[in-house]
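2 protein chains.
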Amino acid sequence: MSKEKKLVEAITSMEEDFAQWYTDVVKKAELIDYSSIKGCMILKPDGYAIWENIQKELDRRFKETGVENVYLPMFIPESLLNKEKEHVEGFAPEVAWVTHGGLNPLQERLCVRPTSETLFCDFYKNVIQSYRDLPKNYNQWCSVVRWEKETRPFLRSREFLWQEGHTAHATAEEAEERTVQMLNVYADFCEEVLAMPVIRGKKTEKEKFAGAEATYTIEALMHDGKALQSGTSHNFGDGFAKAFGIQYTDKDNRLQYAHQTSWGVTTRLIGAVIMVHGDDFGLALPPEIAPTQVMVIPIQQRKEGVLEMARKLKETLSKAGIRVKIDETDKSPGYKFSEQEMRGIPLRVEIGPKDMEAGQCILTRRDTREKTAVPFDQLGETAKELLASIQKSMFERAKSHRDAHIYDAHNYEEFTETIQQKAGFIRGMWCGNQDCEDKIKEDFAATARCMPFHDQEEISQVCVCCGKPAKKLVYWGKAY
Amino acid sequence: MSKEKKLVEAITSMEEDFAQWYTDVVKKAELIDYSSIKGCMILKPDGYAIWENIQKELDRRFKETGVENVYLPMFIPESLLNKEKEHVEGFAPEVAWVTHGGLNPLQERLCVRPTSETLFCDFYKNVIQSYRDLPKNYNQWCSVVRWEKETRPFLRSREFLWQEGHTAHATAEEAEERTVQMLNVYADFCEEVLAMPVIRGKKTEKEKFAGAEATYTIEALMHDGKALQSGTSHNFGDGFAKAFGIQYTDKDNRLQYAHQTSWGVTTRLIGAVIMVHGDDFGLALPPEIAPTQVMVIPIQQRKEGVLEMARKLKETLSKAGIRVKIDETDKSPGYKFSEQEMRGIPLRVEIGPKDMEAGQCILTRRDTREKTAVPFDQLGETAKELLASIQKSMFERAKSHRDAHIYDAHNYEEFTETIQQKAGFIRGMWCGNQDCEDKIKEDFAATARCMPFHDQEEISQVCVCCGKPAKKLVYWGKAY
Chain A
1 MSKEKKLVEA
11 ITSMEEDFAQ
21 WYTDVVKKAE
31 LIDYSSIKGC
41 MILKPDGYAI
51 WENIQKELDR
61 RFKETGVENV
71 YLPMFIPESL
81 LNKEKEHVEG
91 FAPEVAWVTH
101 GGLNPLQERL
111 CVRPTSETLF
121 CDFYKNVIQS
131 YRDLPKNYNQ
141 WCSVVRWEKE
151 TRPFLRSREF
161 LWQEGHTAHA
171 TAEEAEERTV
181 QMLNVYADFC
191 EEVLAMPVIR
201 GKKTEKEKFA
211 GAEATYTIEA
221 LMHDGKALQS
231 GTSHNFGDGF
241 AKAFGIQYTD
251 KDNRLQYAHQ
261 TSWGVTTRLI
271 GAVIMVHGDD
281 FGLALPPEIA
291 PTQVMVIPIQ
301 QRKEGVLEMA
311 RKLKETLSKA
321 GIRVKIDETD
331 KSPGYKFSEQ
341 EMRGIPLRVE
351 IGPKDMEAGQ
361 CILTRRDTRE
371 KTAVPFDQLG
381 ETAKELLASI
391 QKSMFERAKS
401 HRDAHIYDAH
411 NYEEFTETIQ
421 QKAGFIRGMW
431 CGNQDCEDKI
441 KEDFAATARC
451 MPFHDQEEIS
461 QVCVCCGKPA
471 KKLVYWGKAY
Chain B
1 MSKEKKLVEA
11 ITSMEEDFAQ
21 WYTDVVKKAE
31 LIDYSSIKGC
41 MILKPDGYAI
51 WENIQKELDR
61 RFKETGVENV
71 YLPMFIPESL
81 LNKEKEHVEG
91 FAPEVAWVTH
101 GGLNPLQERL
111 CVRPTSETLF
121 CDFYKNVIQS
131 YRDLPKNYNQ
141 WCSVVRWEKE
151 TRPFLRSREF
161 LWQEGHTAHA
171 TAEEAEERTV
181 QMLNVYADFC
191 EEVLAMPVIR
201 GKKTEKEKFA
211 GAEATYTIEA
221 LMHDGKALQS
231 GTSHNFGDGF
241 AKAFGIQYTD
251 KDNRLQYAHQ
261 TSWGVTTRLI
271 GAVIMVHGDD
281 FGLALPPEIA
291 PTQVMVIPIQ
301 QRKEGVLEMA
311 RKLKETLSKA
321 GIRVKIDETD
331 KSPGYKFSEQ
341 EMRGIPLRVE
351 IGPKDMEAGQ
361 CILTRRDTRE
371 KTAVPFDQLG
381 ETAKELLASI
391 QKSMFERAKS
401 HRDAHIYDAH
411 NYEEFTETIQ
421 QKAGFIRGMW
431 CGNQDCEDKI
441 KEDFAATARC
451 MPFHDQEEIS
461 QVCVCCGKPA
471 KKLVYWGKAY
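Listed in order, the protein sequences are those of chains A and B. When we follow our numbering, the leftmost residue of the first sequence carries the number 1, and every step to the right adds one. When we follow our numbering, the leftmost residue of the second sequence carries the number 1, and every step to the right adds one.
Hints listed in this document are in silico derivations from the structure and should not be mistaken for laboratory results. Don't take every hint at face value.
Identical copies go unnamed one by one, so any copy, or any two together, can satisfy a pair.
Calculated lysine-lysine pairs in the DSS-like style (CA-CA distance at most 30 Å, straight line) [stated by the list, open to error]:
| no. | residue 1 | residue 2 |
| --- | --- | --- |
| 1 | Lys439 | Lys226 |
| 2 | Lys472 | Lys251 |
| 3 | Lys85 | Lys125 |
| 4 | Lys354 | Lys226 |
| 5 | Lys472 | Lys125 |
| 6 | Lys468 | Lys312 |
| 7 | Lys149 | Lys242 |
| 8 | Lys312 | Lys136 |
| 9 | Lys441 | Lys468 |
| 10 | Lys384 | Lys319 |
| 11 | Lys312 | Lys63 |
| 12 | Lys56 | Lys384 |
| 13 | Lys384 | Lys63 |
| 14 | Lys206 | Lys63 |
| 15 | Lys27 | Lys56 |
| 16 | Lys38 | Lys242 |
| 17 | Lys251 | Lys354 |
| 18 | Lys312 | Lys439 |
| 19 | Lys384 | Lys312 |
Starting from the given sequences, assemble the full structure and let the hints guide the process.
Take a look at the structure:
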């Protein structure tokens, strides 16, 4: 048992030190490796395969709404970045600058894209002339660079993978509709595929994106009670169009400015999955995005017929459309179990001489560790049912946990008490004044996560901070 | 007809000016747009969708051979790039340098990856310890940057999309096997999916990759008789492993150096497809990679029932698993035909009032412009057969053209005459001395494209250049 113990002991317990637990999991589950470039990560095969599964399913959902993929350059000339005032102020301090091409200094320095609004505007300016050219619903999958001072795997790194959608529309209404539509695509994806409940809402003026008229967000609650902004969708109105001169002639031959949106999610979603579903045994992946959904582990594999049967079961599962692997290494079964649990593989199949005699194998769920004996001829069907059940109960478990960590506060005393004693979202009314946001941030390092779409309850008439008349319900929280 | 004429006239004829024809096609077929960043292109929806189709099918073929995807940072510290001498000499003159992060100068400047051998070596050095850790068959899909002076859409740009596979093996034999295996994956893909015949072979010492022991290549012949290097696979031996210290303990507990390979193809393949299959009507895409395989074009679409029937036919084709669109714009049918041909859509379905009376629609092939009347109830089946037939005959046509442009030369007089009068590959024996390669390059701007695998014929005993005893058959040519 020494090897198994060693593997398990290598993770810090969640309760003891959540941050260290997280770092241990990303390393031990082989998702990430550190590189020689400070703040840049290497996505190892399992880490990248999760991203591929996210990408595939999101891309499908985007295309269903009429989105087309494109690819724009990774460099932005400094003069182009400078065109929209608020935008450049938001990003200039954290971009990487290219100053030399080959052996020669560049005439104008280029930044590596931190986001591509300016490039899309420059492109749209040329390709949009008439109302017939609208809408443009373009998206790109790429990496972006932000020169962050402090970094953490998946959550914040100097280079990260993402998608960025950029659309242009004839009317303000159409732009607003697209902004909300894409937020809902993200939210449904998180809940249905990542088994991760999210709160859909609007950001306050203080928290919105640099250059946007409005920013919508999905906020998830991590196991430690901190919030994670998991996806955002921005309505730019015609601000960028005016800065870049994106105009079209409408049906009545009048010149109009286009209305634009942008929306993105990143590999940060993988960090969210880890912190929502993981436990002291390691990573736990929802079956929908698990690179390997089932691991077949032979017991006493040197005994006659065991390996052959294990391979046969793998074949059966594969034919049932399941992503399955077999662990034929010479490690002990206990060690293999620990590894499979650490890597978050949702289901394992154990097969040994005794099971063979009984004509069955043992299926163990990663989430509940519950075991089921399954006759060989029912394996494919049962495994599919179990995977569906795991997907569902992972969502329910995460939702119960999230709901149990939402607290109401009616005044600053209650707010103070709650934020000092509990970890989670605090629902509190807000007057709409940024001073109150600033005070809460200063006092508790907490922020307005969002003003929810679906939760219009007025839990009080007055602002939780200043006591003046309240305008909006806000979910407050400490965030990653 | 004025609009149709305008659209068609906008392309220069191939015979008149092949380079201009090419530029016209990439623009008019809406594959590419120029960006504000000199030498960097924008891949528009159709251009990117072709790349997505290439990516999807190649990725599937890679994974069948046991390749796993990863993602490494886009930056390489200067000291890391400098570790392998030949490699840095090959790339240092053409990389883009990042010197500032945010407002501060970096301690060490970083280049934007021109290729990632050095990063993979740095990674492998840490993750390879034992023979159990081998092989590593990793690949990444990303963009790379090379600060080229002259650029052309798809063929040569400062940033381009590609995949780069990097593998590490226990033995030299295994590395060699993987190098050749991946070259064959590329070659089969080009022939089966891009309908583009290629010559598989080895590069000479002069033409091989910076730092490689051997480079294998696939060479295709463009319509104008110039060669295009379409994919390469490199065997590094243990050169990089020695420079980076990638060592493992073998089964007998001895320390050994790993043996490595790398291999890549780029968006250049799209340029190849254009120049192999295109004609004076524009782009012609093999059905396997065409974003839209069939365009349904209603004739007299305002007449009762026409649009409804056209939509029904689209539905039928979609259900048959075909990528199909319908052109419902208010342009004339003739203009729509020209657009569909310009965009290279392999098949069109015409449906008008007369066809409806006859219970049939007209299918027109893009490649031969041949028309077939097809009863409605046979549409799905017939369209699938026609697409398969187009795929096949596009390959055959390209192969006939290629084969008709391969010439033999037995001495320098023949070589000179051929290269001055013909365009294509010249087969000629070679003594193995670089002086002859240099002379041919100086005299005719032609290079040794490859020493073929499958063509071992000795067409003469002596070198086509110097007349000394010959060692190898070489395909010579002018190249993009």
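Hint check:
{"no.": "1", "hint": "Lys439 / Lys226", "in the structure": "within (19 Å within a copy, 69 Å between copies)"}
{"no.": "2", "hint": "Lys472 / Lys251", "in the structure": "neither (39 Å within a copy, 68 Å between copies)"}
{"no.": "3", "hint": "Lys85 / Lys125", "in the structure": "within (18 Å within a copy, 45 Å between copies)"}
{"no.": "4", "hint": "Lys354 / Lys226", "in the structure": "neither (47 Å within a copy, 67 Å between copies)"}
{"no.": "5", "hint": "Lys472 / Lys125", "in the structure": "neither (38 Å within a copy, 55 Å between copies)"}
{"no.": "6", "hint": "Lys468 / Lys312", "in the structure": "neither (70 Å within a copy, 61 Å between copies)"}
{"no.": "7", "hint": "Lys149 / Lys242", "in the structure": "neither (33 Å within a copy, 34 Å between copies)"}
{"no.": "8", "hint": "Lys312 / Lys136", "in the structure": "between (50 Å within a copy, 26 Å between copies)"}
{"no.": "9", "hint": "Lys441 / Lys468", "in the structure": "within (18 Å within a copy, 83 Å between copies)"}
{"no.": "10", "hint": "Lys384 / Lys319", "in the structure": "both (11 Å within a copy, 27 Å between copies)"}
{"no.": "11", "hint": "Lys312 / Lys63", "in the structure": "between (38 Å within a copy, 21 Å between copies)"}
{"no.": "12", "hint": "Lys56 / Lys384", "in the structure": "both (20 Å within a copy, 26 Å between copies)"}
{"no.": "13", "hint": "Lys384 / Lys63", "in the structure": "both (27 Å within a copy, 24 Å between copies)"}
{"no.": "14", "hint": "Lys206 / Lys63", "in the structure": "neither (32 Å within a copy, 46 Å between copies)"}
{"no.": "15", "hint": "Lys27 / Lys56", "in the structure": "both (25 Å within a copy, 29 Å between copies)"}
{"no.": "16", "hint": "Lys38 / Lys242", "in the structure": "between (38 Å within a copy, 25 Å between copies)"}
{"no.": "17", "hint": "Lys251 / Lys354", "in the structure": "neither (77 Å within a copy, 33 Å between copies)"}
{"no.": "18", "hint": "Lys312 / Lys439", "in the structure": "neither (63 Å within a copy, 62 Å between copies)"}
{"no.": "19", "hint": "Lys384 / Lys312", "in the structure": "within (17 Å within a copy, 36 Å between copies)"}
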